[in-house]
Amino acid sequence: MSTADLFFVSVVLTCDAKTSAEAVGASVRSVLAQTLAGTEAALLGEPPEAAAALAAEHPHRVRIGPPRGTYVIPLAPGELLDRNAARNLHAAAVSTDADLVAGRWSRLTGKGRKEAVPAWQADLFARSRVLTDVGQAPELVTRDTLGAGLCVRRSKLDFTAGGLELALGAEKIALVPNLITTRRAAPDPLRDLPAAAAAQRRAAALLDDPAMRRAARGAFLADHVLPAVHALPGLGHGACATAVAELARTVAGLVDDADLAELPPLERVAVRLLADGDAEGVRRAAYALAHPGTVVSPLVHREGRVYWGPDHTTAAYDLTELGHQYRTPAEQRLLGRVTGCRREQGRLVVEGETALPFDASAYEKTTASLVFKVRDAGAATVTLPVDDVRVERNTLVWQARLPLTDGLRPRGIGDRVWDPTLCLVVDGEPAPPCDLFADKETVPGGSAALRGRPRLTRLTADTWQPYVTAKHHLAVTLLPRRKAARKANAAAHYLATFRPARVLKGMAKKLRKRRDVLHSQRFKLRVYRGLLSRLPARRGSVVFESHMGKCYGDSPRALYEELRARRARLRATWSYASSPQGFPADAKLVRRWSWPYLWALARAEWWVDNQGFPHALNKPGHTTYLQTWHGSAYKRMGYDEIRHKMQNAPQRTQLARAIDRFDHFLVRSEHDVRTLAHAYRIPEERLLRAGYPRNDRLVEARLRDEREGRFPRPALAGELGIPDHKTVVLYAPTFRGTPRNKKARLALDVREFAERFGDTHVLLVRAHYMETATLPATPPGAVIDVSAHHDVSEIQCLADVLITDYSSIMFDFALLDRPIIHFAPDLDAYAAERGSYFDLRSCSGGPVVETQEELLQTLAGLKKADGEWQQVRRQFAAKFGAYDDGHSARTVVDQLFSDRLGRKDRTR
Amino acid sequence: MKQRELFLLGNTVDELGGVAGWTHQMARLFTGRGHSVHVIGVHEAELKMPLPDNQGYPVTSLYPNHPRTARRISGVQRLNPAARRQEAARVADKKRAVAQLGGLLEGARHGSIVIATQVWPMEWLREVDTSHLRIVGMSHESFAYSRACHRYHWIKRHYPHVDRWLALTQEDADIWIHEGLQNVGHMPNALAHLPAVPSPRTEKVVASIGRLADQKGVDMLLDTWAEVAPFRPDWELRIHGAGADEPQLRAQCTELGLDGSVRWMGRTSDVPGVLAESSVFVQSSRGEGFPLALMEAMASAVPCAAFDCAPGVREIVRDGEDGLLAPAGDIDALADRLLRLTGNPRLRDDMGDRARVNVQRFSQEQVLDQWEELFELLER
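Sequence lines, in order, name chains A and B. Straight run, no breaks: the first sequence in full-length UniProt numbering ends on number 908. Straight run, no breaks: the second sequence in full-length UniProt numbering ends on number 380.
Just so you know, the hints here were simulated from the structure itself, not pulled from any lab data. Here a beta-carbon is modelled for each residue, glycine too, at the ideal position from N, C-alpha and C. You can take every hint at face value.
Label pairs and their calculated CB-CB ranges:
| id | chain 1 | residue 1 | chain 2 | residue 2 | range |
| --- | --- | --- | --- | --- | --- |
| 1 | A | Gln654 | B | Trp154 | 22 to 28 Å |
| 2 | A | Arg127 | B | Gln77 | 45 to 51 Å |
| 3 | B | Thr69 | A | Thr497 | 43 to 49 Å |
| 4 | A | Arg127 | B | Pro230 | 39 to 45 Å |
| 5 | A | Ala649 | B | Gly320 | 27 to 33 Å |
| 6 | A | Gly530 | B | Asp270 | 49 to 55 Å |
Chain B residues, not near chain A, derived (Cβ > 12 Å throughout):
| id | residue |
| --- | --- |
| 7 | Pro195 |
| 8 | Trp235 |
| 9 | Gln360 |
Work out the full structure: start from the sequences and follow the hints.
The structure is reproduced here in structure tokens:
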């Protein structure tokens with residue numbers, strides 16, 4: 001390190017004999033384009049000959065020899081630096097006096113020139129920061145963070161060392177969110193694993209902190225071993241065996257059962273099998289990882305646990321959590337593995353085997369067929385028989401001799417690819433179709449080709465050829481192989497692509513774009529405002545909507561049913577969000593935001609809704625808007641919400657305008673008047689103190705309970721398969737505002753509940769209407785997801801106990817006078833963050849518990865303890881549901897729709 | 001130190017308050033360090049700021065009035081001769097303005113620096129040959145505020161290629177980097193001056209200074225005061241500033257029954273004087289950049305209670321050390337901070353004294369040094 005600092009930053013490219021001139025050229029050009037002018041490129045190792053020319057061309061900035069900069073950026077040939085990389089790193093290094101500055105890097109994804117930044121960098125580089133100890137950001141050493149995108153002080157650190165040594169050697173490390181290096185090589189897990197394993201061994205030796213060593217091992221499994229497992233199905237049978245033997249040697253000693261225990265079950269088994277060197281097993285496990293829910297091995301049951309196979313029955317191979325044991329033989333999704341594929345006497349012979357879970361004898365009476373489905377061209381299917389099916393030990397062995405030439409006769413144009421699936425019929429019951437898992441070594445392609453006879457003559461194509469798809473399934477495709485078909489296809493290709501055809505295609509594209517504009521929300525809004533909303537009202541028309549069209553339920557439904565029962569002279573329209581299934585057949589159904597929807601809204605005499613028609617749609621002058629609202633408030637709402645308070649003036653005006661459309665607003669107690677009406681600034685004269693029509697059903701159910709008892713249960717119990725002796729528990733947590741497309745995580749551990757109460761209770765889970773929840777596998781009948789059910793009050797009538805946190809369902813359920821348990825693990829945090837209108841602990845409808853254990857204990861002792869809560873619960877119901885007298889729907893209809901009722905219906 | 005040629009380019013050169021005030025403050029400071037400065041504005045403002053006759057640096061406006069906004073003429077409008085004439089005039093006018101700007105920048109030495117203090121002037125600057133210059137773009141608002149309006153798209157389109165894009169704080173800069181700009185730095189505003197005598201903090205007065213506009217959240221301040229006043233009957237809230245929302249705010253004040261404890265002071269030009277008569281400063285804004293008012297209060301050793309509405313606020317006030325912050329929009333929390341400050345004279349004195357020391361990290365000298373470092377970085 002004796003050279004003087006002539007540059008601010010040197011970019012070091014270490015080349016070897018294999019380094020290509022293009023790679024070095026690209027990297028050097030990215031150095032020369034740096035905004036920090038004092039940046040040089042220094043080439044070490046064995047630079048290709050072209051490098052000398054570069055050095056001659058830029059004698060001052062490209063040098064073959066050791067670096068002369070104060071800071072050094074190591075760069076692999078072929079990687080590029082962002083224009084501002086050197087300036088950003090240098091600025092951070094100077095201002096923080098750090099020995100090492102690191103930023104983000106991106107790499108090729110393997111799909112063309114697309115690049116991506118690995119997801120784990122997001123948190124690590126969220127903010128600029130300075131570290132004095134690696135422990136403050138363990139990802140620096142546990143992951144490949146310092147593989148690129150960094151600079152080091154030349155006088156302090158040896159830039160040729162690995163990322164781990166650099167991080168441990170630096171006294172001060174600065175992290176910047178900037179993107180520094182781009183175009184790193186695409187990850188190839190099988191190729192990269194040996195290097196990663198070596199780094200892992202160094203980490204185990206160098207890191208003192210056991211927690212960090214564990215984190216490093218976890219990251220090694222997640223970033224390197226699991227991707228290698230995922231890459232295995234792409235290899236053929238033999239190649240896979242070689243690769244797995246090699247990988248098993250590589251990871252020997254790096255995989256221990258304590259780390260594996262942190263992985264999900266199937267991942268754990270796959271890594272374990274890899275470490276064992278079981279090529280066939282790991283290949284199947286990898287397939288199951290890509291296709292969740294598939295049984296790929298002869299699972300066995302031992303002492304209440306489920307294991308991978310008869311020879312693998314230790315804790316490392318435990319797959320109980322996947323829940324395969326809860327399915328009957330005909331419900332299992334099995335895997336058809338292709339073991340042979342060849343041509344024989346003008347037929348395609350496909351042989352395969354299917355691993356059978358648990359008791360293989362259950363599959364003795366199995367018949368099978370191969371169903372061919374056309375890909376991306378409608379729903380055409382062709383069924384061909386499987387000739388030979390038999391059970392051998394714990395596998396089902398089958399063979400099909402497929403007469404493709406005469407059995408499969410597509411048109412020949414647009415339907416050339418067909419995917420076979422194996423359809424089993426187990427003891428008379430059809431099982432889910434099994435995909436055919438194949439590899440390129442087994443499926444020979446050309447040598448198994450058969451003649452094809454498409455219906456549009458053999459000029460379209462003439463040969464059937466089996467092949468393996470990108471997802472490792474067997475498929476057959478129709479190809480033009482003979483001269484006549486090849487010529488005809490070439491001519492067709494010319495016709496489809498010569499200049500006039502291209503012009504036509506361009507015109508069609510433009511037309512489609514035009515059409516999209518005409519169907520855009522923006523255009524619809526303009527037409528609605530300018531034209532539709534000025535049309536005259538259609539007498540007696542009502543538009544109903546519940547939860548933005550997501551369901552047919554809540555108060556709008558109760559009102560609709562009341563109106564229908566009293567034969568009101570009304571034309572009802574219901575809006576649905578995505579599917580009209582479950583909506584009433586006698587009403588007109590329109591999709592939300594469709595043209596008929598806007599038409600109906602513009603001409604309606606009444607709007608009835610529980611949440612809000614789109615804010616952008618102004619209410620026509622002739623329309624009366626009844627806002628039934630969807631629940632009393634515990635958390636702060638409307639202008640009491642911080643979110644709305646901090647909005648700027650135009651945004652708040654927009655909300656005010658949307659609320660000003662309400663002509664009538666239903667409230668169910670004075671609590672609503674103080675909270676909701678105040679929060680949304682709804683004037684007194686617009687409040688309708690009638691209670692919620694949806695709750696009439698609950699009041700009625702309570703009266704029936706008092707008169708006749710709880711049994712027989714409503715018909716819904718039979719539909720859901722709930723036996724009379726089980727206690728029905730409804731779990732309905734509140735909306736947490738999880739980001740879009742993310743599934744809600746339930747606070748309640750459903751599996752533990754099922755284990756302890758499965759015999760005596762049934763748990764109905766109702767996620768909020770804005771979210772969906774995924775439930776873990778549990779014994780059949782213990783847990784039922786009722787999120788998709790339209791009407792939540794029907795479910796409430798069925799439930800014996802309610803578990804909720806702060807959802808407004810608690811105010812409704814209290815009307816039933818049945819036990820409520822508030823399960824609120826994050827009560828204080830939630831109340832502090834969202835704000836609340838009252839203290840739940842001092843004013844609740846039942847016990848407030850904060851841990852799962854407490855909840856389960858409360859549930860177990862509910863019968864004894866409920867007597868104390870009855871009085872409290874009744875007060876709770878009276879306080880929050882004072883106007884819910886069981887006749888809300890009638891009151892509302894009498895007040896608003898009296899002139900549309902028949903004479904005798906007017907005073908029922 | 002190296003002497004440089006600097007061009008400060010903003011929307012206007014003589015608008016009252018805001019960025020124009022900052023521009024002249026910096027121009028004076030740069031001139032004081034021996035740089036040659038030229039202040040350029042797009043147009044002359046209607047509400048003018050009184051400028052001294054001889055600032056010591058030239059000031060130029062490209063247009064006498066606000067230039068017309070470009071409107072695409074399409075459809076039937078193409079047949080409208082008046083519209084076409086107007087558009088042609090606008091284009092010709094812009095050409096002239098671009099030529100004028102080009103003339104000003106043409107003679108500059110190689111490596112001179114253009115600081116676009118606002119986003120809009122880039123519309124002219126990008127049409128001038130600036131290959132011999134270095135361009136620094138600046139934002140005087142928080143990222144969130146830019147994000148909520150058209151400026152966000154403007155910045156994303158025109159500023160990834162300038163030599164440096166400056167946010168107000170490191171936090172804002174980091175967000176811009178995640179938005180894909182790789183040329184981002186940050187530069188705080190400078191505290192104009194430190195009053196010789198700190199506030200004695202003897203009067204039972206809470207002060208608020210700011211335009212009576214929606215952004216300043218005075219409506220939320222009144223709601224907050226309605227929670228504080230019953231517990232502090234001997235304290236007074238003085239609201240300094242004027243604006244369009246004044247009638248509504250006064251009505252709200254009366255409705256809340258606060259007329260006895262709130263005084264409307266109107267616009268003030270003597271900020272240090274106002275602060276000398278106060279013991280606590282409160283700010284309840286919906287959005288801020290790098291609020292000068294907070295810095296001035298701290299310079300007068302008046303402790304602050306404020307909504308944590310922007311990175312700039314957290315940068316200036318260290319919560320619990322030299323002031324108290326409340327989650328943005330949380331009125332109960334802000335009321336709690338005010339009750340703590342008004343109820344505890346020792347806390348007030350401790351925080352106020354610390355505030356006066358701490359805020360000096362934004363003194364003119366310090367900020368000017370940061371600018372010099374930036375200029376050096378751009379030359380490297």
